[in-house]
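> Read top to bottom, the protein sequences are chains L and Y. Under full-length UniProt numbering, the residue at position 362 of the first sequence is numbered 362, and the numbers go up by one with no gaps. Under full-length UniProt numbering, the residue at position 514 of the second sequence is numbered 514, and the numbers go up by one with no gaps.
Keep in mind that the hints are not guaranteed to be accurate.
Pairs count within a copy or across copies, as identical chains cannot be separated in the list.
Only pairs whose alpha carbons sit at most 20 Å apart, straight line, appear in this in silico EDC-like list of lysine to aspartate or glutamate [what the hints assert, rightly or not]:
hint, residue 1, residue 2
1, LYS242, GLU379
2, LYS81, ASP463
3, LYS77, GLU469
4, LYS102, GLU123
5, LYS526, GLU453
6, LYS440, GLU469
7, LYS270, GLU304
8, LYS352, ASP396
9, LYS242, ASP292
10, LYS382, ASP348
11, LYS344, GLU78
12, LYS403, ASP378
13, LYS77, ASP292
14, LYS489, GLU390
15, LYS147, ASP337
Simulated from the structure, these hints should not be mistaken for lab results. Given the structure is predicted, the values throughout are model-derived calculations rather than measurements.
Protein chains: 2
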Amino acid sequence: MVETKPVDPSEKPDSKKAAKKEAKKAEKAAKKAEHKANNEQSQNIVEENDVSAGNYGNLPLIRSADSNLDRKFTYIKELNKSLAGQNVWVRARLHTVRARGKQCFIVLRQREFTVQVLVNVSETISKAMVKFSSNITKESIVDVEAKVVEVGAAVAGCSQQEVELLASQLWVVSASAPQLPLQIEDASRPEKGDDPEGLNIRVNQDTRLDNRILDLRTATNQAIFRLEAGVCRLFREVLTEKGFVEIHTPKIIPAASEGGANVFTVSYFKGSAYLAQSPQLYKQMAIAADFDKVFTIGAVFRAEDSNTHRHLTEFTGLDLEMAFNYHYHEVMLTIGDLFTAIFKGLRDQFQKEIEIVGQQYSVEPFTFLEPPLVLHFDEGRKILAEAGVEVGPEDDLSTPAEKLLGRLVKAKYDTDFYILDKYPLAVRPFYTMPDPHNPKTSNSYDMFMRGEEIISGAQRIHDPQLLTERAKHHGIDINKIAAYIDAFKYGCPPHAGGGIGLERVVMLYLGLDNIRKTSMFPRDPKRVTP
Amino acid sequence: MVETKPVDPSEKPDSKKAAKKEAKKAEKAAKKAEHKANNEQSQNIVEENDVSAGNYGNLPLIRSADSNLDRKFTYIKELNKSLAGQNVWVRARLHTVRARGKQCFIVLRQREFTVQVLVNVSETISKAMVKFSSNITKESIVDVEAKVVEVGAAVAGCSQQEVELLASQLWVVSASAPQLPLQIEDASRPEKGDDPEGLNIRVNQDTRLDNRILDLRTATNQAIFRLEAGVCRLFREVLTEKGFVEIHTPKIIPAASEGGANVFTVSYFKGSAYLAQSPQLYKQMAIAADFDKVFTIGAVFRAEDSNTHRHLTEFTGLDLEMAFNYHYHEVMLTIGDLFTAIFKGLRDQFQKEIEIVGQQYSVEPFTFLEPPLVLHFDEGRKILAEAGVEVGPEDDLSTPAEKLLGRLVKAKYDTDFYILDKYPLAVRPFYTMPDPHNPKTSNSYDMFMRGEEIISGAQRIHDPQLLTERAKHHGIDINKIAAYIDAFKYGCPPHAGGGIGLERVVMLYLGLDNIRKTSMFPRDPKRVTP
């Protein structure tokens with residue numbers, strides 16, 4: 001590590017020190033030459049007697065020219081009092097910069113972590129260097145060599161409050177264009193209530209999405225997508241532990257999976273194909289092919305012209321399918337337990353991320369019961385009826401009814417997650433197993449988070465004859481689903497499953513108001529960019 | 001557990017036993033009635049004095065009628081001498097059945113595990129039950145109650161050789177159609193050399209794929225896809241451990257990602273969109289958005305009319321992208337180490353699966369070095385030149401040259417995996433970072449398994465100006481890639497990455513001859529079904 005403290009000339013150097021000094025001198029000369037070249041290249045004016053020459057400027061584009069540089073960078077989150085007095089190198093974004101006389105205050109940012117850097121005119125820091133520093137554009141990536149200094153009063157507005165950095169070198173690694181289409185501070189401003197600073201500048205959703213690479217740099221977005229990765233990891237870990245096998249199902253399919261509506265058409269060489277609206281047929285084929293318990297995570301496509309807060313035309317499906325012995329509740333409760341495990345994992349492993357999101361958006365913590373609450377569809381109807389909302393025994397729940405039921409269930413049971421079992425047969429797809437005891441209901445379930453559906457599932461009909469009957473009853477052309485029916489011709493265990501929308505789970509877990517906040521590059525009927 | 005041993009009438013029952021007997025009688029009567037109903041339903045003829053009545057037949061379709069059945073099933077792989085004398089229930093496929101006089105021999109199958117079941121005419125087993133058993137169609141799913149019996153000589157042709165099962169009950173859970181489009185034995189027959197039994201019946205690839213749910217039931221396919229799931233799991237575990245974040249990138253994109261060739265068009269509401277040929281732009285945007293290290297697993301689409309053993313129109317991409325400090329080798333070696341970890345994980349955790357695949361296909365075990373071998377492109381050219389194959393300094397390697405080089409490298413270094421670094425600039429995409437020391441080469445690499453490319457990667461240009469220059473040099477319309485170039489306008493760290501084809505990795509690791517063997521439902525220019 002290079003010491004920046006100016007060497008006291010009265011100090012008598014020992015030979016080791018002298019050698020070090022020599023080496024340093026040579027290094028500095030080399031750097032000075034490089035610096036000059038760079039600055040000439042970038043057309044900066046270099047003062048002849050700049051004491052800081054060789055300690056700042058625009059680095060040449062990193063093209064992997066040096067293979068043996070072993071400079072160690074310190075992460076901003078690691079900067080604390082224990083490093084006081086030490087010299088560190090930090091590569092980070094320039095979050096803000098402010099010049100004041102002979103000083104320049106910079107805030108460096110790495111994700112949610114920020115630290116203050118001072119560039120002060122001194123014996124070793126020239127005015128030119130301070131000027132250069134104060135002109136670096138926001139969002140540029142810089143390399144800073146600095147001494148860690150403990151501060152008396154906490155540094156306001158930075159995550160690292162006990163220390164600041166006293167810069168000795170400052171190099172621009174990748175410069176940002178000067179005009180930003182959105183300001184990170186604006187995109188990060190709390191959206192709950194009024195801002196105490198009186199700054200109510202917000203960034204609207206489209207501006208955010210049009211400039212997603214900037215928008216994603218906010219602490220909130222960093223937290224959201226780290227948590228989203230956590231949901232996938234927990235989903236897989238829990239199911240792998242239970243003996244599930246991960247599979248990959250085709251997205252290009254020969255026929256529209258559920259009757260032909262809402263499906264995207266793909267031109268496929270000289271013919272046409274479609275984009276899968278769900279991996280269901282393939283999951284079921286895996287069950288018929290003895291994989292017993294399977295899951296798959298992948299893109300799911302819906303050509304639905306729904307411009308709502310919770311619809312996307314492409315989303316990430318967390319799907320599972322499982323053979324059972326006698327009763328589909330074996331599967332339904334496996335899914336219920338899966339959610340409990342995910343909720344616990346998020347609560348325990350993503351506390352920091354949840355807190356960060358909560359600082360920008362006001363969110364009530366997510367509550368759940370263990371084991372999860374299971375309500376019969378008729379019980380749900382009863383709770384709604386008591387609140388004055390009638391739902392017929394063969395009707396589906398409307399979205400407002402679902403939301404109301406969510407609130408009523410929360411008030412009664414204090415849970416944001418519950419399972420609604422035994423939906424009317426009439427409102428479920430043809431492949432849903434009818435209830436053996438009641439011809440009007442079915443072996444199917446939905447699960448809800450904060451009153452919104454996040455998984456729809458059921459026991460599937462595994463008998464080709466009954467499947468054919470039910471398809472006919474639904475007016476479906478048998479020829480078009482022959483391949484599906486044939487999957488059950490050669491023996492198939494009873495099975496059930498469901499599909500979870502990843503972005504919805506994250507949106508609802510965090511209590512966000514729009515699914516576009518939890519899709520990194522969302523697709524809707526009006527947006528296929530960036 | 002129900003005892004099947006006939007009760008000795010001379011035995012004096014105590015009250016507990018008597019109660020048990022009563023319960024059993026009632027149970028049996030109920031079953032008899034059910035059995036009769038079932039058989040009437042399925043139009044079987046029931047003999048009036050059938051001693052086995054109630055112990056066999058077709059189960060009614062499992063529609064989750066009983067919620068409280070807690071019968072415990074034993075897995076075939078668990079059946080061994082230690083269970084001798086015990087009664088067990090097994091749910092499995094009827095693999096084969098053979099009647100001989102008053103006996104019926106059944107082989108039950110669960111994935112790669114098989115066990116022999118005897119149904120013998122006796123005091124409690126009627127001729128009718130034996131006849132029923134011998135008529136069950138192959139691939140039907142059955143529930144068998146049986147006593148585990150230790151055998152003197154090993155049971156030939158079964159995985160469980162020390163025991164067989166003496167059936168007391170036998171129920172068909174899900175019957176298979178009698179005519180199978182392919183036989184599991186045929187699909188499982190070793191393809192290396194001649195079969196010692198002289199049976200050279202093989203099942204061709206198209207028959208297999210047309211009837212994939214049957215084909216996937218072979219022990220080999222069960223092993224292949226379990227191992228494939230393992231590759232994904234290892235990939236994620238290694239990268240998550242190193243701080244990578246999983247992301248999801250859109251498959252529907254606004255413009256053809258790499259120039260427009262080989263891309264599928266999707267009709268998108270009133271307009272058109274395309275299917276992503278790679279998640280690269282989005283991975284890079286995640287890097288520009290401060291995610292630092294990212295990976296994504298998802299479908300990748302190539303509208304290439306290539307009908308070869310190693311091309312698919314849709315495959316699973318294991319993609320990663322990583323910011324580095326000074327040199328793209330930081331990333332290249334991370335990927336190299338990732339492969340080492342995957343190879344070690346497969347070797348240690350999937351020994352059984354590798355062995356099963358090896359029984360059907362002759363495969364040399366996969367060899368690798370730790371750390372992996374890295375060759376400079378010029379070294380590769382030299383090795384080829386020594387073998388008489390000249391490759392120009394600015395030429396790409398042809399597929400035959402790659403294969404030859406793979407064999408030469410294997411002979412010289414005893415490794416099936418190696419990295420070829422520093423490809424000619426001319427043969428790489430426009431966004432590849434040119435080598436700073438040699439204008440004809442680039443900071444790019446391919447990696448090979450058994451002489452076939454499985455990942456192509458590089459340092460990407462993270463500077464909008466140089467990127468624009470290079471795109472123009474390649475004759476690319478700058479307007480069409482404006483969004484891509486803009487991703488680097490607001491500061492971006494130097495970064496590199498690559499994309500791995502999952503199916504290729506599994507094919508080459510196992511030494512299989514066709515990528516359709518490692519895609520569960522493969523898609524090629526001629527196949528979009530099932």
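> Run every hint past the structure and note whether it holds.
Taking the hints in turn, this is what the structure says about them:
no. : hint            : result
1   : LYS242 x GLU379 : neither (31 Å within a copy, 48 Å between copies)
2   : LYS81 x ASP463  : neither (69 Å within a copy, 36 Å between copies)
3   : LYS77 x GLU469  : neither (63 Å within a copy, 38 Å between copies)
4   : LYS102 x GLU123 : within (12 Å within a copy, 106 Å between copies)
5   : LYS526 x GLU453 : neither (24 Å within a copy, 39 Å between copies)
6   : LYS440 x GLU469 : within (16 Å within a copy, 67 Å between copies)
7   : LYS270 x GLU304 : between (26 Å within a copy, 12 Å between copies)
8   : LYS352 x ASP396 : neither (39 Å within a copy, 49 Å between copies)
9   : LYS242 x ASP292 : within (11 Å within a copy, 32 Å between copies)
10  : LYS382 x ASP348 : neither (35 Å within a copy, 56 Å between copies)
11  : LYS344 x GLU78  : neither (28 Å within a copy, 33 Å between copies)
12  : LYS403 x ASP378 : within (17 Å within a copy, 65 Å between copies)
13  : LYS77 x ASP292  : between (45 Å within a copy, 15 Å between copies)
14  : LYS489 x GLU390 : neither (42 Å within a copy, 56 Å between copies)
15  : LYS147 x ASP337 : neither (51 Å within a copy, 35 Å between copies)
The structure is inconsistent with the numbered hints 1, 2, 3, 5, 8, 10, 11, 14, 15, although it conforms to all the rest.
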